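Chains as they are written, first to last, in the numbering used here: chain A, 1 to 285; chain B, 1 to 315.
Hints are computed from structural coordinates only; laboratory data are not their basis.
Everything numeric in this text was worked out from a predicted model, so none of it was measured.
Relax, there's no trap hidden among the hints.
Covered by chain B, per the in silico footprint, the following chain A stretches (three or more residues, Cβ under 8 Å):
id, stretch
1, 64-77
2, 87-95
3, 102-114
The C-beta atom is built at its ideal place from N, Cα and C for all residues, glycine as well.
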Amino acid sequence: MNPIISARGLTKRFGRTVAADQVDLDIAAGKIVGLIGPNGAGKTTVMKAILGLTTFEGELDVLGLNPSKQRAALMEDVCFIADVAVLPRWIRVWQLVELTGKLHPKFSKETCLQYLSKTKISQQQKVKQLSKGMVTQLHLALVMAIDVKLLVLDEPTLGLDILYRKQFYSNLLNDYFDEERTILITTHQVEEVEHILTDLVFIDNGKIALNCGMDEVEARYTELMVAPANANAARALGPMNERELFGRHIFLFEDADRETLKQLGELHTPSVADLFVATMSGEMA
Amino acid sequence: MTRLIALMRREFWEHKSAFRTAPLVIGGIHIALLLKAIFTTAHIDNELYTFKEGVRALAQQSADFRSAHFQEAIIASSVFFTIVLSFVVFFYLLGALFDDRKDRSILFWKSMPASDVLTVASKLLTAMVVVPVMFWLVFIVTQVLMAVIASIMIMSVGENPWTLFLILVNPIGPWLMVLFSYLASAIWFLPLYGWLLFTSSFAPRIPVLFAIIPPVIFAVLQLWIEFLRTFTLNTSLFGLVGEWVSNSPAILTIQVHDGDAELAYGWVGAGTFDHAITVGNIIDRLFSLQMLYGLLIAAVFLAGAVWMRRRATDS
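Using the sequences plus the hints, can you model the full thing?
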């Protein structure tokens, strides 16, 4: 099957800094991909390139189009929420719905109004009168009413309280996602999205540090928790990373023999956050 | 086409107070001034008249005299609208490609399948057509209201508004002339509109400074170098812009013609065209060599604006 996004040697420079460095990336349809990296790693640059918001070197193909040259055509099949509060502040809710309907051929006004009716947002309100959480609900209602193939979310829940954050992702999964659609998410709040992701991409210093499916993560990475007495034995097996928690040592192993590890202590599947820390600190060392 | 109209509606919604409230305020001022003249006194030829005296004096003038003066008065009362209109258009264009970069809502607009050419076109057409037509409509409504108020008051002092002015004046001609002048001016000033949109598309902050300071520095240098070379103050960017305004088909000044003061296009006393208010004089301007150069310059600036817009994001 053809990938929805395919990048070869994607590079973007800002003066001397290289924000994206020879990125190769393929994303297939029907996936929920988490693009995760530290601040300034190049996540947003890669996203902007995919959305046609920046120029770049190298090859990039999104749904068969070149984003930097064919943004308008691409936006018929791609939607994005670039963090909260980018909706124009002066506009009234009904005007926004009306305009989106006129500008986007795949927008369903009925669906959008249906989603909005489940919120406290009223049609006559201006965006600047809404709380941050309500603006996100509004944006999500607009986007979920557009029938697109790719949805890109850049820090969609930044600054929202936990109730809105939970609701955001549950709406997205229950009412929107299906096999035809692909969702690409960047976020710092890894814990929040890890159970909904199907694929994981780590990016650091403009390079892809890890790119695999979540099932692969479970198969490849193991976390071992041992008492101090066994710490040296574990260290000898060459872990990616070690940390201490309440006097116990926790090691992260890649492609290790589980039978050997089991004899030293307890085994777990690592969380994405721990894997992230291990991968990034490995790079830094 | 649907998208272009939708984008222009968006401009109207966003700038309702400038596009609709501003002309309404000017209309209100006109009516307030009329009421002031009715209920207190008015200056006519350096003498104070009460309304009643003024109407009597007017009734004694010949029908031709009244017809000509009312005709002139209709066009004259457009000047205030025109001046405010030019300010509104100026600041609208400066903000057009800047405001959404500043508040980051450009990220939302760019998530819609509308091309950057279409976006820039919608802003340019709003400045060229939507805003002038709004001002023009309010201008007409104001005049109708003023005629109604004046007629009632004229009847109340025992004169007949029909014979005094209503049947003498056909306002349609002057009204259409004002509209034609607005639309022709929008074309005439395209190089300026292009420059403003271009500045708006790249200015990192305070676009008005970026629009004004570089040309001023350029013109001052030009003047200085020219002066050092020839010891005369002659052509410069200032002169060029001044001449452009002088030649414009906007009704802005008064010229004296056969001993009578009458309204005129542009800035009388400068420029190379006939300033008398006729359709032919507008056509002369629109099909002149200057206009052709102007359109070429405008095309360069507009292409620059589209190019910048294509690359613009929130940062």
